[in-house]
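Protein chains in written order, with my numbering: chain S, 267 to 382; chain X, 90 to 203.
Accuracy of the hints is not assured; some may be wrong.
Below, a sample of chain S positions facing chain X; criterion: calculated Cβ distance under 8 Å [claimed, not checked]:
no., residue
1, E293
2, Y297
3, L311
4, Y330
5, G362
6, Q371
7, P375
These are calculated hints, taken from the structure and not from any lab test.
Being a predicted model, the structure only gives us computed values, none of them experimental.
From the three backbone atoms N, C-alpha and C, an ideal C-beta is built for every residue, glycine too.
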Amino acid sequence: DAGITQSPRHKVTETGTPVTLRCHQTENHRYMYWYRQDPGHGLRLIHYSYGVKDTDKGEVSDGYSVSRSKTEDFLLTLESATSSQTSVYFCAISPGLAGGGSYEQYFGPGTRLTVT
Amino acid sequence: GENVEQHPSTLSVQEGDSAVIKCTYSDSASNYFPWYKQELGKRPQLIIDIRSNVGEKKDQRIAVTLNKTAKHFSLHITETQPEDSAVYFCAASNPYNQGGKLIFGQGTELSVKP
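Could you build all of it, start to finish, from the sequences and the hints given here?
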């Protein structure tokens, strides 16, 4: 597996509390992504980053924010968690096309978040 | 918006048979089509991909075919084994989208019965 870790791996939190999930990579890849996975919906992109401090929204970004202050870390924040945000969250990384790279994406181990 | 449809949602085969999973995409500018395998409780793993400049790609027992005119692509697994049992996802990417964003299909749960 590519050098990607996510923390925490499991979290239970209450509605209305803030939650931050961390993705850390050791591959020095330019692109990082946050997905959520729910039964019947596959993998849906929340936000992605194309460089330090460069981020953009995905298809299900409402209620989420992200930050990337250094290449290796991409943080996903739920400002006020809701039960609809109970899900499995995956981070992914990609080198991008620059320098002969590709858009192949490699996934982290995932974080299971439960909002009660 | 961009969309990827995947069929079937579940597929059950006998060990040794072939399995075929099909996807269609809506964005005609898409040019990269990966397939991921996800075992229960694990992360999605890239197993094979194809780019729009080729029509078929093989890697041992798995192959992917692409029909750009029809906007279809398919995953073929031959001589299936119990360890092929997993959920398979197709995806498509448009290179003009910043960051090579992938649009995923809904997944196919493959069960290979011994």
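S:L311 as chain X interface residue, shortest Cβ-Cβ below 8 Å: holds, 6 Å
Given S:P375 as an interface hint, is its Cβ closer than 8 Å to any Cβ of chain X? Given a least distance of 5 Å, the restraint on S:P375 holds.
Can we keep the S:G362 interface hint, with Cβ of chain X closer than 8 Å? Holds, because the Cβ-Cβ distance from S:G362 to chain X comes to roughly 7 Å (cut-off 8 Å).
Minimum Cβ distance from S:Y297 to chain X below 8 Å? The hint holds - S:Y297 has a Cβ within 8 Å of chain X, the shortest such distance being about 5 Å.
A closest beta-carbon separation below 8 Å is what the hint needs, so does S:E293 meet it against chain X? violated, 14 Å
Under 8 Å, Cβ to Cβ, is where S:Q371 needs to be relative to chain X, so tell me if that hint holds or is violated. Holds, because the Cβ-Cβ distance from S:Q371 to chain X comes to roughly 6 Å (cut-off 8 Å).
Minimum beta-carbon distance criterion (8 Å), S:Y330 to chain X: Not OK, violated: S:Y330 not within 8 Å of chain X, min 16 Å.
Checked against the numbered hints above, the structure violates hints 1 and 4; every other hint is satisfied.
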